[in-house]
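Top line first, the protein sequences correspond to chains X and E.
Just so we're aligned: 95 in my numbering is position 95 of the first sequence, and the numbers increase by one with no gaps anywhere.
Adding 1000 to a residue's 1-based position in the second sequence gives its number in my numbering.
The hints are simulated quantities; they were obtained by calculation from the structure and are not laboratory data.
Note that the coordinates shown come from a computational prediction; the quantities given were computed from them, not determined experimentally.
Ideal Cβ positions, reconstructed from N, Cα and C, are used throughout, including at glycine.
Any given hint could be a false lead.
As the list claims (entries may be wrong) - Just some of the chain E residues that point at chain X, by a computed CB distance under 7 Å:
1) Gly1011
2) Thr1012
3) Ala1018
4) Cys1022
5) Ala1023
6) Cys1025
7) Ala1026
8) Pro1029
9) Ala1030
10) Val1043
11) Thr1047
12) Arg1051
13) Asp1126
14) Leu1133
15) Gln1228
As the list claims (entries may be wrong) - Ranges of calculated distance between the beta carbons of each label pair, as one might list FRET restraints:
16) Ile128/X x Ala1216/E: 51 to 61 Å
17) Leu1021/E x Val5/X: 19 to 29 Å
18) Thr94/X x Asn1282/E: 55 to 65 Å
19) Ala1237/E x Ile155/X: 44 to 54 Å
20) Asp175/X x Thr1251/E: 57 to 67 Å
21) Leu1096/E x Asp175/X: 57 to 67 Å
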Amino acid sequence: MNWPVVALALYLTLGVELGSRAALTIAGSFVPSPLIALVALIAAFAPMTAALWIALLAGALTDLTTPVATTSGPTIVLGPSAVGFVVGTYAVLTIRGLFLRRHATSLVVLAVIAATCAGLTAAGLLAIRQITDSGFTLAGPQVISRLGSALYTAIPAALLALLWRRAMPLLGLNDPFARRWDRSG
Amino acid sequence: MNPARKSILSGTNLLALATGLCALCAVAPAPFTAWVQDAAYPVQIVTAPVRWLVGQVARAGGAGTGASATGDAPLAREVALLTARNLRLAAENDELRAQVRALQRGAELNPQAEAMRIVVPVIAADSPVASGLIMLRTGRVRAADGSEGNVPLGSVAISDAVNIVGRVVRAAGPVADVQPIGQAGTRELRATIFPLEDRADPNADPNADPDADPSAVQLGVVLTPAGQGRLRGSVYALQLADGQFEPAIRTGMTVRLTDPSWPRAAQMLVVGTVEAVSRADNGRPIVTVKPGFDPRSLQQVTILLTPDSTGTLEAPLVTPGAQR
Chain X
1 MNWPVVALAL YLTLGVELGS RAALTIAGSF VPSPLIALVA LIAAFAPMTA
51 ALWIALLAGA LTDLTTPVAT TSGPTIVLGP SAVGFVVGTY AVLTIRGLFL
101 RRHATSLVVL AVIAATCAGL TAAGLLAIRQ ITDSGFTLAG PQVISRLGSA
151 LYTAIPAALL ALLWRRAMPL LGLNDPFARR WDRSG
Chain E
1001 MNPARKSILS GTNLLALATG LCALCAVAPA PFTAWVQDAA YPVQIVTAPV
1051 RWLVGQVARA GGAGTGASAT GDAPLAREVA LLTARNLRLA AENDELRAQV
1101 RALQRGAELN PQAEAMRIVV PVIAADSPVA SGLIMLRTGR VRAADGSEGN
1151 VPLGSVAISD AVNIVGRVVR AAGPVADVQP IGQAGTRELR ATIFPLEDRA
1201 DPNADPNADP DADPSAVQLG VVLTPAGQGR LRGSVYALQL ADGQFEPAIR
1251 TGMTVRLTDP SWPRAAQMLV VGTVEAVSRA DNGRPIVTVK PGFDPRSLQQ
1301 VTILLTPDST GTLEAPLVTP GAQR
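So that you can see chain X by itself, here it is in the shape it has in the complex:
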């Protein structure tokens, strides 16, 4: 894996996600996540440990740049997205063998599954936080907005999937379905 390029891709995608979030919000609470889409696509082809580290890093960066709306004001919470991304990536790693990964639609479905797992995990952790921290009360419902956002993530995932075959060599990812004689050339 080409780590500098992966890091640059994560950085740029995180910037895109943060910068476009307000403009892309629909139905009041649905926001796409290009970053989880990228992480899921990497997980579809990367070695397991590397994919999980990337997911943890990307999730932690999301947590640190996305305050959670609470009744006492926006609060940075490290963990919900970090753990959520890891869970979503683990789901992709588990089921990627069942998919035709060279097909763009498969990649989109994997990204939506990862986003759904990540969103539900984050919502669950925040719900636990409400129990353990008496001063922490979420300002709005989480599950519906996160599920809607996961479906909405299909759009950036589709855009990424279209570019994916060109991006894979840059990211240092191997296509396990490439023919041996193709690789030698």
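With chain X fixed as given, assemble chain E onto it according to the hints.
Chain E alone, transformed into the frame defined by chain X:
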């Protein structure tokens, strides 16, 4: 190396440990995770350039120039460009006139409104479903004594000279975050409606005395966030002319800030306009107020730097030059 030790330090174990720590941070009460707030700023500053660039593109895309629809003929294109420029200049003139009128009106109502103003660009606005925070590139602020520091917490951000955007809730280095009014989690806001103020409004009461003092009749309202960036509150009579009944609330009426917990310079600035009026069970009117700004299209805001910016904001407040 001992094989047992090697397995403990393996990448998988470290990954599990890091994930467990993140899960612990996610559910731990605030006192144990206060350091996270400080750790977030370097990341936010590092991502600010790309965020700003994408925000600019998103705003430009939303505005839609429509230049491609002007045809291929050079002359027609030139005419279209000049027409657009003239219209833009005319619109800017109208906007400036309106701002001057609004400032004069605000100064009439609050003659003590004096503050140093700095105009700063907006890096990006977070989604209302998340924090709704608007990140600004403020740079360092030079105080009167020459010392430099962050923008004081609690400073008020406004747009178009008179529309209140929100208050600075976090500031570090070259960036600051503004929590917009109307965002879930913000405190209640005391405001006043001056029914006689909007007499130029075509929907205004035609029987109203054109020479009456605009501040003779005042209706108070305590506004709380109502979702979608709106504010809602029940209206009550603050001040009525002798023998006068409470005037009717109409959509489009201007709602002005009169909250003692906000800096003096922000008093009488515009919270928004009445978007809808309904009735409570007790018959009192309830207004829904739409703020006068759109976080998705904000390019820059003005920050009012006042000696009393520290106000009574709940967050720990500091003065310029004394912040972290």
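Hint-by-hint comparison with the structure:
1. Gly1011: Since the shortest Cβ distance to chain X is 5 Å, the answer is holds.
2. Thr1012: holds (6 Å)
3. Ala1018: holds (6 Å)
4. Cys1022: The hint holds - Cys1022/E has a Cβ within 7 Å of chain X, the shortest such distance being about 4 Å.
5. Ala1023: Check passed: Cβ of Ala1023/E comes within 5 Å of chain X, closer than 7 Å.
6. Cys1025: Given a least distance of 4 Å, the restraint on Cys1025/E holds.
7. Ala1026: holds (3 Å)
8. Pro1029: At 4 Å from the nearest chain X Cβ, Pro1029/E passes the 7 Å test, so the hint holds.
9. Ala1030: holds (6 Å)
10. Val1043: This interface hint holds because 4 Å falls under the 7 Å limit.
11. Thr1047: Holds. Min distance 5 Å.
12. Arg1051: holds (4 Å)
13. Asp1126: Holds, because the Cβ-Cβ distance from Asp1126/E to chain X comes to roughly 6 Å (cut-off 7 Å).
14. Leu1133: holds (5 Å)
15. Gln1228: OK, holds: Gln1228/E within 7 Å of chain X, min 6 Å.
16. Ile128/X x Ala1216/E: 51 to 61 Å: holds (55 Å)
17. Leu1021/E x Val5/X: 19 to 29 Å: holds (28 Å)
18. Thr94/X x Asn1282/E: 55 to 65 Å: holds (58 Å)
19. Ala1237/E x Ile155/X: 44 to 54 Å: Since the Cβ atoms of Ala1237/E and Ile155/X sit about 51 Å apart, the hinted range of 44 to 54 Å holds.
20. Asp175/X x Thr1251/E: 57 to 67 Å: holds (60 Å)
21. Leu1096/E x Asp175/X: 57 to 67 Å: Cβ of Leu1096/E to Cβ of Asp175/X: about 59 Å, so the range 57 to 67 Å holds.
The structure meets every hint from the earlier list without exception.
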